[in-house]
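These protein sequences, in sequence, are chains A and B. Under the numbering used here, the letters of the first sequence match residues 391 to 818, in that order. Under the numbering used here, the letters of the second sequence match residues 28 to 300, in that order.
Please note that the accuracy of each hint is not assured.
[As the list claims (entries may be wrong)] Straight-line distance between alpha carbons at most 30 Å, and here's what the computed BS3-like set of lysine-lysine pairs gives: (1) A/661 to A/582; (2) A/714 to B/240; (3) A/468 to A/484; (4) A/582 to A/623; (5) A/749 to A/718; (6) A/718 to B/240; (7) B/114 to A/582; (8) A/548 to B/188.
Think of the hints as simulated: they come from the structure by calculation, not from any bench.
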Amino acid sequence: MLFASETMSEILLIGLNHKTAPVELRECLAISSEETPVALNKLQESPFIDECLLLSTCNRVEILLTSDNSLEAVNTVKNIMSEFNKTPVSRFEKHLYIHEGEAAVRHIFRVSASLDSMIIGESQILGQIKNAHSVACANNTTGLILNRLLHRAFSVAKRVRTETGIGDHAVSISHAAIELGKKIFDTLENKKILLIGAGEMAELAIEQLIRKKVGTIYVANRTFKNGVALAKKFNGEAIWFEEIMNHLKIVDVVISSTGASEFVVTRNHLKGIMGERFNRPIFFIDIAVPRNIDPQINRMSNIYVYDIDDLNGIVVGNLEERKKEATKGERIVDEAVIQFSKWREGMDIVPTIIALREKIDRIAKTEVEKIQKSLKHLSKEDHLVISRMAETMVQKVLHDPTLFLKKDLENDNKSLVIDFTRKLFHLD
Amino acid sequence: MKILIFITLFLYGLSTIAYACHLFGRNQRFADLGYWFLIIGSLFLGAIVFQEAAQSGHIPVHNLHGTLLVAGLMIALVFIVFQYRIKFNILGVFMVPILFLMVITATLTPYTPLHTKNIFNSFWLITHIITIFIGEACLALACATAFFYLIQEHAIKTKTKGFFFNRLPSLEWIDHSGYIFIITGFTALTIGLITGFIYAELIWGRFWSWDPKEVWAGGTWLLYAALLHGRISAGWRGRKAALLSIAGFAILLFTFFGVNFLMKGHHGEFTAF
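Work out the full structure: start from the sequences and follow the hints.
Rendered as structure tokens:
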């Protein structure tokens, strides 16, 4: 049935993502947030497109729309994409995927549940879709169908997140370190941090820690001046490199990433210190290669040492876990797709008329049966007359609404009328 | 009587199932459900204990049957209070099945209502029995908590996330909860011992009579005292505290049951069957 023109408007999804297109092409076709309203309006100007929504992130460019002429709608989208980014259609055409009907519904559900993401379970995508939806709403380019579809997508995403462990496992080095920290300390709030050396990854970890409202951050650097600069950046306190041992008595988390070729902290350093610390736990995150923290320390009580390989190991394991959890997510998506299709099927003229008739018929029949039970003295013929009268009334009452529903309506109005009718008679 | 036990077992069974669902599905609603089944089940268990107490005229700790029921009830009550305060779901996962087994064992051991002996009816004795049982329940939960600590510590130290890594709270939290259990348990134990001494003085005219149970109880008390002292003055926490807590409870269990089975003394009928 693909591309067949139908009277009922169909949901279509056209786009490309990190799996189908290389980054150079995605860059090229990305539509900035300022350009989005312009693009949306352009799309809606087309007579083949009823409702539309545009999602553009670094990993995907997707256009979701409803149309009763799929073939033309797809061509319009391609032309607008090409025009908008000044890229010939032939350059991106073969990277595009086009989903129609249920497939489009499933796709948008999977994307918002982060099952289609590069890093499965990442939480940004849902916010991006919500944003895309509100931009489309603000520009009046979505209607009954897409609004309903998007709301379903949000609730599917929420269900997947709460009912599966898809977002539970940290998948970056700094997150993995924080996750571990939270399994050692009840909270990272007000914990004192010591940063030894500097480096991109260490700084990333510190930034994450700051978000967890940690306490004082001490920065020790061989070159004091660099330490001061870094401390300023994190609102921390620079200390001399020689002061490290003293500070080990008070800090809770140590992040180390110096270029030193020998261990900066060894077992001997810590032997006396743990007593002074009252055995409060201390967590070493050693992201330096070669390592700065003697791994032997991990054997001591209340001291935990993780090096870069350990953290990497966690990340790899967690990615596997997420993939496992994703299967559960797919099941939830499947359920939601079936539910949505049911709603869509009902959203057509004929099913609505049938449902309406059935409902009124049922009411009439029940009432007739009731009255006949209390009028036992009447003859069979009399009963028949009563039933016929009820049937005729039903026919007559339904005559005008049926005609009205059968009238040729434009797609937009049609959906609204059907939705209204179903709500008015409580047909769902 | 029979029907009450059946209902208790049924509710504890449901609670066990709900907690198991929580363990695997990690859905908070199941843990809440398990908690409520536990509360209602414990009301029935309380009714059984009350009924037996009314029949015999004293707290039913004169045979193994009653002792198990009272101990179970106390563990349930202590857990219910702590769970309300600190939300320690995973403890429920393991505690409720044990509770279930305790009640089953109690029903399998013969129940012989004892004719009233007046020695059971003193205020001091009742306080002695209740506080000792509360203390022991707290220390049992402290021991379970210590096991959780060791599991979680092992996972973090060996860098192998197991089944429990995400299901258990942080080390610091487990350690602190264990400490709260021990402090509460120790306080109750202390009151229990003191009231026991007073009772002994009233009945036998001496505070201490070198009864094996007394000796072992004194030893247990000293061990927990040392554990708490070490924690406060020298920061014995983490693994060391967990191991000591487990050792303490092992000795406590021996004091509770072992002494009665292996040695004689005036606490003898406590585990008779």
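Which of the stated hints cannot be reconciled with the structure, identified by number in ascending sequence? Numbers 2, 5, 6, in rising order.
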